[in-house]
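Protein chains: 2
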Amino acid sequence: MKKQILIALFLCSSIFVNAQNKDSIIIKQIFNEALMNGKAYDDLRVLCKEIGQRLSGTQNAQKAVEYTFSLMKNYGFDSVWLQEVMVPMWVRGAKETAAIITNDKRINTSICALGGSVACKSGGILAEVIEVKSFSELSKIGKEKIEGKIVFFNRMFDEKYITTFSAYGSAVDQRGSGAIEAAKYGAIGVVVRSMAYRNDPNPHTGAMRYKDSVEKIPACAISTVDAEILSDELKKNPKLKFYFNQNCQTLDDVKSYNVVGKIQGTEKPNEIICVGGHLDSWDLAEGAHDDGAGCVQSIEALRIFKSLNIKPKRTLHAVMFMNEENGLRGGIKYAELAEQNNEKHIAAIESDAGGFAPRGFGIEDSVALIRFQKYIPLLKPYLCEQIKSGHGGSDIGPLKKSGTVCIGLSPDSQRYFDIHHSANDVFENVSRRELHMGAAAMASLIYLISEYGVK
Amino acid sequence: MKKQILIALFLCSSIFVNAQNKDSIIIKQIFNEALMNGKAYDDLRVLCKEIGQRLSGTQNAQKAVEYTFSLMKNYGFDSVWLQEVMVPMWVRGAKETAAIITNDKRINTSICALGGSVACKSGGILAEVIEVKSFSELSKIGKEKIEGKIVFFNRMFDEKYITTFSAYGSAVDQRGSGAIEAAKYGAIGVVVRSMAYRNDPNPHTGAMRYKDSVEKIPACAISTVDAEILSDELKKNPKLKFYFNQNCQTLDDVKSYNVVGKIQGTEKPNEIICVGGHLDSWDLAEGAHDDGAGCVQSIEALRIFKSLNIKPKRTLHAVMFMNEENGLRGGIKYAELAEQNNEKHIAAIESDAGGFAPRGFGIEDSVALIRFQKYIPLLKPYLCEQIKSGHGGSDIGPLKKSGTVCIGLSPDSQRYFDIHHSANDVFENVSRRELHMGAAAMASLIYLISEYGVK
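Chains as they are written, first to last, in the working numbering: chain A, 1 to 455; chain B, 456 to 910.
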């Protein structure tokens, strides 16, 4: 009996070892293909340099739909289709202007309207400034002192955080809800310190919200460099005035699309693994890291399967989600359609943290996390073995309620907020190797999920 | 008895836990200081933008000596001194020119003289080209076909390697020994594919060698983009000619200096831990990553001790080594003086792999490696916990024969060869956070070695 148990144990362990050997060989092939023959970088060049910014509802967004559709067709995916979705359309209008105006001088400053903001009425806003670091300060200062003024939210990133997304999280409420909170106290506009580290001369845009019950006041972001200047000037002269003008507006919703490419699974075709990024971008640059990178990496992950002739046991979807930045309509639509069509998405992987060197994955499901941590030795040679509890991604979030395991690619985060939503998010700031390694990391995890499931 | 053992074990383990707690608190302070108040980035700006390239023997190298000397004085190190060292002086001369010349056209190409190369005689070299990928090909082709021609070494980086230093290692023999090997077969010049990945328009310089018994022929590097063009043109027309001209020369040796700053140890002052980078750089850019980064990080590591008032048990040296790039004279001199003065260097840490996000350390000593791997949990929160067997650094290498444990900071390597020895190695390509995290990682390891030794 004991002997039989030993034999059984031996067989089990040798099956496990053989599987790991086979898997390690395939993962090696995946990385070799990405590093030597990867196409994502060239695809990203087209998306950035021939198309450019892709704010939802724009002609460029439509061009990006058509481009990625044809790309997936050309790579020979089993099928490629569009998912119609209505998206909001916000337009920036003429370039914003802003200045600090004191008794004896005018200092022009770098601002940009926050996405979703209303315009300034009648030639711009000129008013005194109340600088605060938090919403609670507003209530301490009180309506009497705030009314008719511009509120300047100047809480900086907490630089101590090692992961820059935590620093972002420590500050982004100012951008998202600053206009609502300030308007409650009668402010006529808000200026928000950009979601970036210090010494950055570029303003960073990003989504902001209004509340129906609260006056909608214009909101802009000021570069961190100019935020420091404004703060210094306020110390010298608390009565200085700030001027800004922006002409942005929200138009009617526009028809747009998610783009989906598929490779059919051979053994469990009804179990779907989707991998995606968002095709829309902010309008100040080219959306290279955010999130052109995630789109071309997702396509590349499936292209690698085709190129190496790896037949996945489960069905793979590469999804270009539309409208992550200012509405999430594409992500919501994708999940809606999946439910309507009784599709079973066992896992969804999103790349929306930049095309930097991959370090691992954040997993939103504790059971899957334990399974995936067994793959650490397989990923270690590629320096992307950090399998941790973490955020999946905004676009794939709506799938969670159907039990999909959501997974986020975790690239090195140190430089992400140097480019995020600013003029710096251009193709030149993407490294070919880093981009391709991220795609290979995703393809490797997709392969393992396709072979062994999630739980 | 059993109880006593248990009590002893409990005490031991609680001492260990308390030590780890104390250490983790200090390491947290070190990272906070670097990330919030770090000076290395500003120091690097001066080194790059106010001084610039610092090739050994130049006025700029002397300025860098003076600048880092005053920097360490101003940070209040216990003492700062110079170590005189004679260094070679190679000068590039007028900008190089080169072209592919076929029957019907002339294609100008990007080259630079390799460091240490001789000039071309009498207005440049014009000759047919023999393209090879390896030295063994030369012997197959034979002297008859090579004599009087230019040998073009065009073996590319092996892109499959995950660590880019391995790819560099797979190709760099062409740069180092190409001129010797080609001259043996009567070649009159060599053109070496730059030590970089494809699509790089910049030529990358770097050291090359001659042998007294072999004719010294001019050697240049061609950008990888132009190497591809040259190779393509050769396929079309094997009789095409290549022209290049360079006016570089080696002058007499010049007096220069290592710069050393010290913080005296409190308990074992005779045991020294040194940390350093090399102050000299190639002349095509600003030596920002290579190795301005390593210099300012080394100073920063000691500055953090002063700033946090951490009194190291052992003595710390921050060393700016002179002449790593084309002679290693500073590293050799430092080890010589250490021996002369009976200094006991227990450990040496070098940062010479770029100022990118730190991932861990390479350790050249297997016993120390085992000790240091116990520190992995302490470094994990800072994403720099990869403690592996690996290269220490060129400058600290000469200390090894006295038993010094040599350690290299291991930053993420993916983008290093996009900047290495080329016009791209400028301050703008350094990230403040990444640079400061590297300094904090070094300060943390120095602290642990200072507390607990190396073995």
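Since the hints were derived computationally from the structure, they do not count as laboratory data. Any given hint could be a false lead.
Here are the computed lysine-lysine pairs in the DSS-like style, where the Cα-Cα straight-line distance is at most 25 Å [to be verified]: (1) A:Lys216 x A:Lys184; (2) A:Lys39 x B:Lys829; (3) A:Lys22 x B:Lys615; (4) B:Lys829 x A:Lys374.
Each hint tested on the structure:
1. Under the criterion of a C-alpha separation no larger than 25 Å, the hint pairing A:Lys216 with A:Lys184 is consistent with the structure, at around 10 Å.
2. A hinted pair counts as satisfied when its Cα atoms are at most 25 Å apart, and A:Lys39 with B:Lys829 does not qualify at roughly 41 Å.
3. Under the criterion of a C-alpha separation no larger than 25 Å, the hint pairing A:Lys22 with B:Lys615 is consistent with the structure, at around 19 Å.
4. Only pairs whose Cα atoms come within 25 Å are accepted, and B:Lys829 paired with A:Lys374 is accepted, the gap being roughly 22 Å.
Comparing the model with each earlier hint shows a violation of hint 2 alone; every other hint is respected.
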